[in-house]
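Chains as they are written, first to last, in our numbering: chain A, 1 to 469; chain B, 1 to 469.
The set of hints was computed from the structure by calculation and includes no laboratory data. Any given hint could turn out to be false.
Just so you know, same-sequence chains aren't split out, so a pair can sit in one copy or run between any two.
Unchecked claim - Straight-line distance between alpha carbons at most 30 Å, and here's what the computed DSSO-like set of lysine-lysine pairs gives: (1) K26 - K78; (2) K130 - K461; (3) K130 - K310; (4) K182 - K451; (5) K320 - K182.
There are 2 protein chains.
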Amino acid sequence: MIFLQKEDNFNDWYIEIVEKANLSDKRYPVKGMNVWTPYGWKIMRGIDTYIRQELDATGHDEVCFPLLIPETEFKKEKDHIKGFDSEVYWVTHAGLNELDVRLVIRPTSETAMYPMFSLWIRSHQDLPLKVYQIVNTFRYETKQTRAFIRVREIHFFESHTCHATVEDAQCQIDEDVEILAKIAKRLCLPYSLLVRTEWDKFPGAYYTVGIDTVMPNGKTLQIGSIHHYRTNFSEPYNITFEDDDGEHKFVHQTTYGMSERLLGAVIGVHSDDAGLIMPPDIAPFQVVIIPILSKTNSDLVMEASNMLFKTLTDAGLRVKLDDRDARPGSKYYDWEIKGVPLRLELGGRDIENGVVTFARRDNSEKGTIDITTVSDGVRLLLDVISQSMYDKAKQIQQSHIQEIDSLNNIPEDKVLKFGWCGCEECGHKFEDNYDMKILGTPYISENYKGKCIICGKSTDKPVYAAHTM
Amino acid sequence: MIFLQKEDNFNDWYIEIVEKANLSDKRYPVKGMNVWTPYGWKIMRGIDTYIRQELDATGHDEVCFPLLIPETEFKKEKDHIKGFDSEVYWVTHAGLNELDVRLVIRPTSETAMYPMFSLWIRSHQDLPLKVYQIVNTFRYETKQTRAFIRVREIHFFESHTCHATVEDAQCQIDEDVEILAKIAKRLCLPYSLLVRTEWDKFPGAYYTVGIDTVMPNGKTLQIGSIHHYRTNFSEPYNITFEDDDGEHKFVHQTTYGMSERLLGAVIGVHSDDAGLIMPPDIAPFQVVIIPILSKTNSDLVMEASNMLFKTLTDAGLRVKLDDRDARPGSKYYDWEIKGVPLRLELGGRDIENGVVTFARRDNSEKGTIDITTVSDGVRLLLDVISQSMYDKAKQIQQSHIQEIDSLNNIPEDKVLKFGWCGCEECGHKFEDNYDMKILGTPYISENYKGKCIICGKSTDKPVYAAHTM
Numbered sequence: 001m002i003f004l005q006k007e008d009n010f011n012d013w014y015i016e017i018v019e020k021a022n023l024s025d026k027r028y029p030v031k032g033m034n035v036w037t038p039y040g041w042k043i044m045r046g047i048d049t050y051i052r053q054e055l056d057a058t059g060h061d062e063v064c065f066p067l068l069i070p071e072t073e074f075k076k077e078k079d080h081i082k083g084f085d086s087e088v089y090w091v092t093h094a095g096l097n098e099l100d101v102r103l104v105i106r107p108t109s110e111t112a113m114y115p116m117f118s119l120w121i122r123s124h125q126d127l128p129l130k131v132y133q134i135v136n137t138f139r140y141e142t143k144q145t146r147a148f149i150r151v152r153e154i155h156f157f158e159s160h161t162c163h164a165t166v167e168d169a170q171c172q173i174d175e176d177v178e179i180l181a182k183i184a185k186r187l188c189l190p191y192s193l194l195v196r197t198e199w200d201k202f203p204g205a206y207y208t209v210g211i212d213t214v215m216p217n218g219k220t221l222q223i224g225s226i227h228h229y230r231t232n233f234s235e236p237y238n239i240t241f242e243d244d245d246g247e248h249k250f251v252h253q254t255t256y257g258m259s260e261r262l263l264g265a266v267i268g269v270h271s272d273d274a275g276l277i278m279p280p281d282i283a284p285f286q287v288v289i290i291p292i293l294s295k296t297n298s299d300l301v302m303e304a305s306n307m308l309f310k311t312l313t314d315a316g317l318r319v320k321l322d323d324r325d326a327r328p329g330s331k332y333y334d335w336e337i338k339g340v341p342l343r344l345e346l347g348g349r350d351i352e353n354g355v356v357t358f359a360r361r362d363n364s365e366k367g368t369i370d371i372t373t374v375s376d377g378v379r380l381l382l383d384v385i386s387q388s389m390y391d392k393a394k395q396i397q398q399s400h401i402q403e404i405d406s407l408n409n410i411p412e413d414k415v416l417k418f419g420w421c422g423c424e425e426c427g428h429k430f431e432d433n434y435d436m437k438i439l440g441t442p443y444i445s446e447n448y449k450g451k452c453i454i455c456g457k458s459t460d461k462p463v464y465a466a467h468t469m
Numbered sequence: 001m002i003f004l005q006k007e008d009n010f011n012d013w014y015i016e017i018v019e020k021a022n023l024s025d026k027r028y029p030v031k032g033m034n035v036w037t038p039y040g041w042k043i044m045r046g047i048d049t050y051i052r053q054e055l056d057a058t059g060h061d062e063v064c065f066p067l068l069i070p071e072t073e074f075k076k077e078k079d080h081i082k083g084f085d086s087e088v089y090w091v092t093h094a095g096l097n098e099l100d101v102r103l104v105i106r107p108t109s110e111t112a113m114y115p116m117f118s119l120w121i122r123s124h125q126d127l128p129l130k131v132y133q134i135v136n137t138f139r140y141e142t143k144q145t146r147a148f149i150r151v152r153e154i155h156f157f158e159s160h161t162c163h164a165t166v167e168d169a170q171c172q173i174d175e176d177v178e179i180l181a182k183i184a185k186r187l188c189l190p191y192s193l194l195v196r197t198e199w200d201k202f203p204g205a206y207y208t209v210g211i212d213t214v215m216p217n218g219k220t221l222q223i224g225s226i227h228h229y230r231t232n233f234s235e236p237y238n239i240t241f242e243d244d245d246g247e248h249k250f251v252h253q254t255t256y257g258m259s260e261r262l263l264g265a266v267i268g269v270h271s272d273d274a275g276l277i278m279p280p281d282i283a284p285f286q287v288v289i290i291p292i293l294s295k296t297n298s299d300l301v302m303e304a305s306n307m308l309f310k311t312l313t314d315a316g317l318r319v320k321l322d323d324r325d326a327r328p329g330s331k332y333y334d335w336e337i338k339g340v341p342l343r344l345e346l347g348g349r350d351i352e353n354g355v356v357t358f359a360r361r362d363n364s365e366k367g368t369i370d371i372t373t374v375s376d377g378v379r380l381l382l383d384v385i386s387q388s389m390y391d392k393a394k395q396i397q398q399s400h401i402q403e404i405d406s407l408n409n410i411p412e413d414k415v416l417k418f419g420w421c422g423c424e425e426c427g428h429k430f431e432d433n434y435d436m437k438i439l440g441t442p443y444i445s446e447n448y449k450g451k452c453i454i455c456g457k458s459t460d461k462p463v464y465a466a467h468t469m
């Protein structure tokens, strides 16, 4: 075993697995800006495909807005600029000239899109406006960087919507939650939806729902967020519509975004000490075929392997036939690192018996599939693998959540659930004393009765707190 | 007719058609950085799909390199920086800090990729290295901007390859030429391949092949280029491999790129005074179905229209059923502007006769298709439309090329073909006196015997010259 142990040293294990599976190259000469190498980019593009599918299916239009935002537009919403001014990149010169108006490289696109929305929207017939883009965004991270999890050039999607009423905007957020469920299922990722505290919400938002997943080291990773803006942006950007009654009103807005952290979560949650374990839906190769050749049967086995490859490919599966001149064991090793969910071995005896031997990447289980119904058999196994990956992840995550009712003996490496009265003073007191972050209260309400863990006041809302990645 | 006339005023017609078809919005508050609106972006993404398909099929791996390039890396190749230093954007500040090393926003990615290539390539087994990316790139244009044709944020693909020998690199260029043929066929675009003059080649290249198309106003538009670098970049970036014999050698490199100008060319070459005409392969909708309802048969016609929509969609065609409550004529008008290649009208009489009525967007031809074989019928018509769009474009372009053997009475609005001895002095003399650009000599040699139009020396190579967009 050349790998570090996930359980002993999650952080170094993570770095090593990204490198060994060749998902990204961090040697690029700007810190925190990594190169997407072919295998990592293929996985990310696979995730993007599902994002597009779900957003298109719910009536969002894909657009592409410019990368650069004039400082004058960027500064229109007061909280927003305050939240971002320490972490944006500034373009000050073009060619040999100094620019009259400095340009910000987008850290997110509200301030690029909203001046245009104010031109696009005239009447209630233009609503709802629902657009999204899949682009890279830029934040000048000062904390330690880590592939996919904390980088300075971030691949993400952002959807932006405008509505006639606050209720319509709220419905959009519920739609976003459904979209999230579908995407997360593809990644076999459990998650929680927590309404962030007032002091932790997105700069300019009315409220923010954080999407968190728990990593195996007990820290949480925020993989995305959904925001209700009400009219906080439409007022400074003057995005209005003429209502049925001829009155001009500000639109209500929402946004929703998730980043390459989705990939970071997939790596951290699912993989093991032998390498990646890819969820079948996003695996660049779902199946790898390894011919087991002997001196006497190599033609026969290669022919059968080629036929198997064709059968599975024709059935719409993503298949690799590894016909390199190398020992099967070394091929197993390579594809385990890459996380291919299902390995099929085909040798003389398999052919005689009319079967193909399989090995699951997620739990090492082996068995055979009848060759006459091999496509259905493989598809079924991939579904079983997906479900089992999700269940295992869910169970590990649950085991990291602990309910407490006193501040004595706070457990290490756990996500805590406890009562909070909701006041800022108690919240800050907890965060400062225990160096943990309050993630927020459940977006989908939980039945709860308890006391604020700080002041002892009765409360019917639990709060979650954790160390974050 | 609300449109300007293409023949009378190509430039204004072009601007108007981009706006009316809603392909991009130029009102974004940074000049030359336009917003890709949904319809335009859908078409561009359709073009990207074919680019990916062809590059993947020829063994190129898709990657994504960082946007920002440290000044130190950017300056390593002397000609390259000289060619670009007046047209790049500079990032000088991040957050509240001034950066130690300024960052360039990529104008092209040689200087981002090649430091990494020098880490990736060790032995001849790592060759050829063939990668590409589809990203946006940035040039500080000082000339007048124009949607898709001259912008400051440019959507493009760039492929970069490394080879063991100069001959292998040359074979790559021939492969690029084949890839181009396949992509251009999808766009119904004729083009020429001309080896640029020494003073017009890409900064740092050994030679450059320009890919030009002729616009209906007789000016040429460069839609892409292919470069042979030899070892011009591998030397300063130290990209070497260990050969079979243990010797360390510099790799030979090529690049190939085409931009959103492909879309500009499609608009300019194919469209007419009623709107866009989309080549069927890249049309977001290949077919629009317009139900022709009367008071008595609307249920029947809507049912038949829905069935027709399902039949064509199931057959893999991209179809829009326009069931808006509006007059057919106003629907025709809308979809003509959007350039949908084939309109299908379905009314009571069509249903009685077991047919559907079609109207071609490219030449207004009308007819009927048998409903029982409607998918095949539509597919055949789309093929005919593609071929006919290509033929028409080819004929118009040919009509703009004129061979001349004297400098008296140089025709206006033509691409000129004439003899040139190849010396810089004669070349510059021509360009300066006639305010035209020498595009270069044919990459695929033509049988030619003539005299240099400036000095009269005999030559066996023709040269092409034009006014450029």
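Outcome of the hint check:
1. For a Cα distance limit of 30 Å, the shortest separation of K26 from K78 across copies, 27 Å, qualifies, whereas the shortest one inside one copy, 35 Å, does not.
2. Proximity of K130 and K461 under a CA criterion of 30 Å is satisfied in neither setting, with 33 Å inside one chain copy and 56 Å between copies.
3. For a Cα distance limit of 30 Å, the shortest separation of K130 from K310 across copies, 26 Å, qualifies, whereas the shortest one inside one copy, 41 Å, does not.
4. When the C-alpha separation of K182 and K451 is checked against a cutoff of 30 Å, the pair qualifies neither within a copy, at 35 Å, nor between copies, at 69 Å.
5. In the homo-oligomer, the alpha carbons of K320 and K182 lie at most 30 Å apart both inside one protomer (27 Å) and across protomers (26 Å), since each shortest distance falls under that limit.
The structure shown violates the earlier hints numbered 2 and 4.
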